[in-house]
Amino acid sequence: AQSVTQLGSHVSVSEGALVLLRCNYSSSVPPYLFWYVQYPNQGLQLLLKYTTGATLVKGINGFEAEFKKSETSFHLTKPSAHMSDAAEYFCAVGKGGSQGNLIFGKGTKLSVKP
Amino acid sequence: DAGVTQSPTHLIKTRGQHVTLRCSPISGHKSVSWYQQVLGQGPQFIFQYYEKEERGRGNFPDRFSARQFPNYSSELNVNALLLGDSALYLCASSLDLAGGPLQYFGAGTRLSVL
Chain D
1 AQSVTQLGSH VSVSEGALVL LRCNYSSSVP PYLFWYVQYP NQGLQLLLKY TTGATLVKGI
61 NGFEAEFKKS ETSFHLTKPS AHMSDAAEYF CAVGKGGSQG NLIFGKGTKL SVKP
Chain H
1001 DAGVTQSPTH LIKTRGQHVT LRCSPISGHK SVSWYQQVLG QGPQFIFQYY EKEERGRGNF
1061 PDRFSARQFP NYSSELNVNA LLLGDSALYL CASSLDLAGG PLQYFGAGTR LSVL
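In the order they appear, the protein sequences are chains D and H.
All residue numbers for the first sequence refer to my numbering, where the first residue is 1 and numbers rise by one.
All residue numbers for the second sequence refer to my numbering, where the first residue is 1001 and numbers rise by one.
Treat the hints as calculated values from the structure; they're not laboratory data.
Since this is a predicted model, take the numbers as computed values, not measurements.
Any given hint might turn out to be false.
[As the list claims (entries may be wrong)] Here are the simulated lysine to any residue pairs, SDA-like style, with alpha carbons at most 20 Å apart:
1. D/Lys58 / D/Lys68
2. D/Lys49 / H/Leu1102
3. D/Lys106 / H/Leu1088
4. D/Lys106 / H/Phe1060
5. H/Lys1052 / H/Leu1095
[Claimed, not checked] Pairwise CB distance ranges, derived in the manner of DEER restraints:
6. H/Glu1075 / D/Ser70: 42 to 50 Å
7. D/Thr72 / H/Gly1003: 29 to 37 Å
8. D/Leu56 / H/Phe1069: 35 to 43 Å
9. H/Phe1069 / D/His10: 36 to 44 Å
10. D/Gly8 / H/Arg1063: 29 to 37 Å
11. H/Phe1069 / D/Lys113: 41 to 49 Å
12. D/His10 / H/Gly1058: 23 to 31 Å
13. D/Lys68 / H/Arg1067: 38 to 46 Å
14. H/Leu1011 / D/Lys109: 21 to 29 Å
15. H/Leu1095 / D/Ser12: 31 to 39 Å
16. D/Gly8 / H/Gly1058: 41 to 49 Å
17. D/Lys106 / H/Arg1022: 23 to 31 Å
18. D/Lys68 / H/Leu1039: 30 to 38 Å
[Said to hold, decoys possible] Some but not every residue of chain D turned toward chain H, in silico, with C-beta under 8 Å:
19. Gly43
20. Lys49
21. Phe90
22. Phe104
23. Gly105
24. Gly107
Even for Gly, the Cβ is constructed at its ideal location relative to N, Cα and C.
All chains should be built: construct the whole structure from the sequences, respecting the hints.
What follows is the structure in C-alpha cells.
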C-alpha cells in the first residue's frame, strides 16, 4: 500500500529565508510524486510533479523538489520565501494507469513572517 | 481555457438529507475523480471514473455514489447525510489513465451538514 508522511504540520519562516517542506513516501512500485498548494477557501493547485527521468524537478513560483529513492523522500524547497507563499502544501503519491487515484499527506501549513 | 468547474460552491444540509454535487472536467479530459477533504486533513480518494465507468473506489460507505455522463461531466451523490460528511469535496480531472495520475483540481464544494 502507498502512503505519504509530511513532517511538520506547521512550518514558519521569515520572508527571504529558505523554505523546506518534508515529504516521505512508501510505495511498492515506482511512484509518481506531486506537490500541491492550497490557498484558503480554494482548491488544489499543482506545484510540480515527478514521474520519470530527472530527479530534480522544478515547478511554479520558484519551488523545486528532489526525488531521492534511497531515502524515499520528495522534499519541497524554495530559496527565498515570499509573503504570498503562505498556504497549505500537500505531498501526494500515485501509481498511474488504471489506478490513477492520489494518496495525500496531511499537509503542512506554511507561514511567512515579515 | 476553463479549468475544472464544480457546483455549487457552498451547500448547507441537515442530517438524513441527500446531496448531489456536480463537476465539469477540463475540455478533452476523460477521467474524473472525487476527493473528500475534512478540515485539517489531506484529501481522501472517493471515486475515479473513466469513459463513464468506475475505475476505482476509496474506503467510503455505500451512501456515496457517483456517475459520469457522455460529456464526461460527473455527479457525486451522498445519501442519508451525517454530521461527519461535512467537508470540502474536490473534483479532479485528468486526460486519460495512460499518463499517470496527473490530476487538475476544481475549487471544490464546501458541504456543511447540520
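### Range hint 30 to 38 Å (beta carbons of D/Lys68 and H/Leu1039) holds or violated
holds (32 Å)
### Message
D/Lys49 was flagged as interface toward chain H. Is the shortest Cβ-Cβ separation under 8 Å?
### Response
holds (6 Å)
### Query
That 29 to 37 Å hint for D/Gly8 and H/Arg1063 (C-beta), does it hold up?
Between D/Gly8 and H/Arg1063, where Cβ atoms are some 35 Å apart, the hint holds.
### Query
Is the hint on D/Gly43 kept, meaning its closest Cβ partner in chain H is under 8 Å away?
OK, holds: D/Gly43 within 8 Å of chain H, min 4 Å.
### Query
Has the given pair, D/Lys106 with H/Leu1088, been kept, meaning a C-alpha gap of at most 20 Å?
holds (14 Å)
#### Entry: Distance restraint hint 41 to 49 Å, applied to the beta-carbon atoms of D/Gly8 and H/Gly1058
violated (26 Å)
### Pairwise beta carbon distance, H/Phe1069 to D/Lys113, judged against the given window 41 to 49 Å
Between H/Phe1069 and D/Lys113, where Cβ atoms are some 48 Å apart, the hint holds.
### Task
Using the beta carbons of H/Leu1095 and D/Ser12, state whether their distance is inside 31 to 39 Å or not.
Holds - the Cβ-Cβ distance for H/Leu1095 and D/Ser12, about 37 Å, lies within 31 to 39 Å.
#### Entry: Satisfaction of the hinted span 38 to 46 Å by the C-beta atoms belonging to D/Lys68 and H/Arg1067
Given a distance of about 41 Å, which is inside 38 to 46 Å, the answer is holds.
### Query
Do the numbers back the hint for D/Phe90, that is, is its least Cβ distance to chain H under 8 Å?
Where the cut-off is 8 Å and the nearest Cβ of chain H is about 5 Å from D/Phe90, the hint holds.
### Query
Honestly, do H/Phe1069 and D/His10 meet the 36 to 44 Å range at C-beta?
Given a distance of about 41 Å, which is inside 36 to 44 Å, the answer is holds.
### Query
Is the interface hint for D/Gly107 satisfied, with its Cβ closer than 8 Å to some Cβ of chain H?
Holds, because the Cβ-Cβ distance from D/Gly107 to chain H comes to roughly 5 Å (cut-off 8 Å).
The structure is inconsistent with hint 16 alone, although it conforms to all the rest.
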